[in-house]
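Each chain is listed here by its residues.
Protein chains: 2
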Amino acid sequence: MSKSSPPQNHPGMMTPEEIASLRKKSQVASLWLKLIMSQHEIPLLTYVRRPRLPAPAQFETPEHDRRLDMSNTISNIPYDELSIGQSASLTRTVSEEDIRLFAASSHDTNPAHLDADYAAGTQFKEVIMHGMWSAGLISAVIGNQLPGMGSIYLGQDLQFRRPVRVGDTITATLTVVEKNDAKKWVTLETVVTNQNGDKVVVGKANVLAPTEKISREAIAVPQVTLA
Amino acid sequence: MSKSSPPQNHPGMMTPEEIASLRKKSQVASLWLKLIMSQHEIPLLTYVRRPRLPAPAQFETPEHDRRLDMSNTISNIPYDELSIGQSASLTRTVSEEDIRLFAASSHDTNPAHLDADYAAGTQFKEVIMHGMWSAGLISAVIGNQLPGMGSIYLGQDLQFRRPVRVGDTITATLTVVEKNDAKKWVTLETVVTNQNGDKVVVGKANVLAPTEKISREAIAVPQVTLA
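Chains as they are written, first to last, in the numbering used here: chain A, 1 to 227; chain B, 1001 to 1227.
Wrong hints could be hidden among the right ones.
[Unchecked claim] Restricting the straight-line Cα-Cα distance to at most 25 angstroms, the calculated cross-link-like pairs of lysine to aspartate or glutamate (DMTMM-like) are:
{"#": "1", "chain 1": "A", "residue 1": "K199", "chain 2": "B", "residue 2": "D1117"}
{"#": "2", "chain 1": "B", "residue 1": "K1179", "chain 2": "A", "residue 2": "E212"}
{"#": "3", "chain 1": "B", "residue 1": "K1183", "chain 2": "A", "residue 2": "E126"}
{"#": "4", "chain 1": "B", "residue 1": "K1125", "chain 2": "A", "residue 2": "E217"}
{"#": "5", "chain 1": "B", "residue 1": "K1213", "chain 2": "A", "residue 2": "E126"}
{"#": "6", "chain 1": "A", "residue 1": "K204", "chain 2": "B", "residue 2": "D1117"}
{"#": "7", "chain 1": "A", "residue 1": "K179", "chain 2": "B", "residue 2": "D1157"}
{"#": "8", "chain 1": "B", "residue 1": "K1125", "chain 2": "A", "residue 2": "E189"}
{"#": "9", "chain 1": "A", "residue 1": "K213", "chain 2": "B", "residue 2": "D1117"}
To be clear, the hints were calculated from the coordinates, so they are not data collected in a lab.
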């Protein structure tokens, strides 16, 4: 994926044909983006909540609060910009395909996840998502958002509290709870909830935070087809 | 996937044509199995080490030591059959496709995993696998082998010690270290090593073990195609 910034549009220096061509390119790109986002269920709003401090002046959004701007640029949050209480989250709705995709990635083919007949005889009565998939959501928030690029994942503890089922809308929320200035480590509370607010996974992550600001074009989620 | 047992071959009751047809079917199935196993890097030998007790009489392999028999039947290890020191493992060699597949499953698109140019400028000098992928291997050993079907994953802690790179051969080994007879919980030491024996991930898993023996046809790893 190119790291160059998007071409600047200077209408005065372009022929009408060039402008029309550029407009078309932009429309095509926008349609592709919409298509990719909808196919991968990328939420339109991946937000970083500000720590609970006095509200900033209206319409002044700090730079690190809109890391997915219109040119699809993504930025990390270096150690010095991290503060206790700061949080970020990612929400996805679980499909059967998501379960098979995790089985393909992990090779965990336990029938509780992949065989509806078998699952009907279990305490959950239907197939459930692998617990470790929710940990993947946590990993995504760390890797993409908080702290994002340059983070080194040091550790994670996980308690699997409830099953995740097909159709559930699952949100992983990470909140900075501790900073270690000497080592540039941050501890994040990691809570994964379903659409009813039930905690499905709880735990804590330890991350070596980046020290330098990085901004670059976001990478799209790779496309896969299940046989 | 069918749960019925494979058809029994009674040559005396079949015409030569039926036998030839059956033989061909079996060859075709075997070729498919080989293809699927090679494509998904399913190790030919997924083994369960016996606890370090006096060796059993030669050639007498206990039933739970060969859960992947020739008819591809898989069995779990219920709580009462679990003993301290018993272990199981899964080995896989990491490809770039495995990294993209984990990114597709988790939506963690950090460029350290997906962009070789970016990764060249990091301390690891090349793309590395997501740490949480190794946790997926641990999940696979629990779900498929130890204790296998009927297990409920209660918790996992993970320390990510070293990077996993493309071409690394990674083994997740789980060993029973504690049993709780009242709650039917087992604690497993979970160690993930590379081809040099370096520990890349260490931790512990807590699992509610199944109480009943389950044997059934193993489910193949779902096939995926990356765009």
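Does K179(A) pair with D1157(B) here, judged by a C-alpha cut-off of 25 angstroms? The hint holds at about 20 angstroms.
Take a quick look at whether K204(A) and D1117(B) sit within 25 angstroms of each other, Cα to Cα. violated (31 angstroms)
Going straight from one Cα to the other, do K1179(B) and E212(A) come out at no more than 25 angstroms? violated (46 angstroms)
Run the distance test for K1125(B) versus E217(A): straight-line Cα separation, threshold 25 angstroms. holds (20 angstroms)
Taking only the CA atoms, is the gap from K199(A) to D1117(B) under or equal to 25 angstroms? Measuring from Cα to Cα gives roughly 39 angstroms; hence the hint is violated.
Given pair status - E126(A), K1183(B), alpha carbons within 25 angstroms: Answer holds: K1183(B) to E126(A) is near 24 angstroms, not above 25 angstroms.
Sort out whether E189(A) lies within 25 angstroms of K1125(B), counting only the CA atoms. Violated - the C-alpha atoms of E189(A) and K1125(B) are around 30 angstroms apart, more than 25 angstroms.
Is K213(A) close enough to D1117(B), meaning Cα to Cα at most 25 angstroms? This hinted pair holds, its Cα atoms lying about 17 angstroms apart.
K1213(B) and E126(A): Cα distance at most 25 angstroms? holds (20 angstroms)
Hints 1, 2, 6 and 8 from the earlier list are contradicted by this structure; the remaining hints agree with it.
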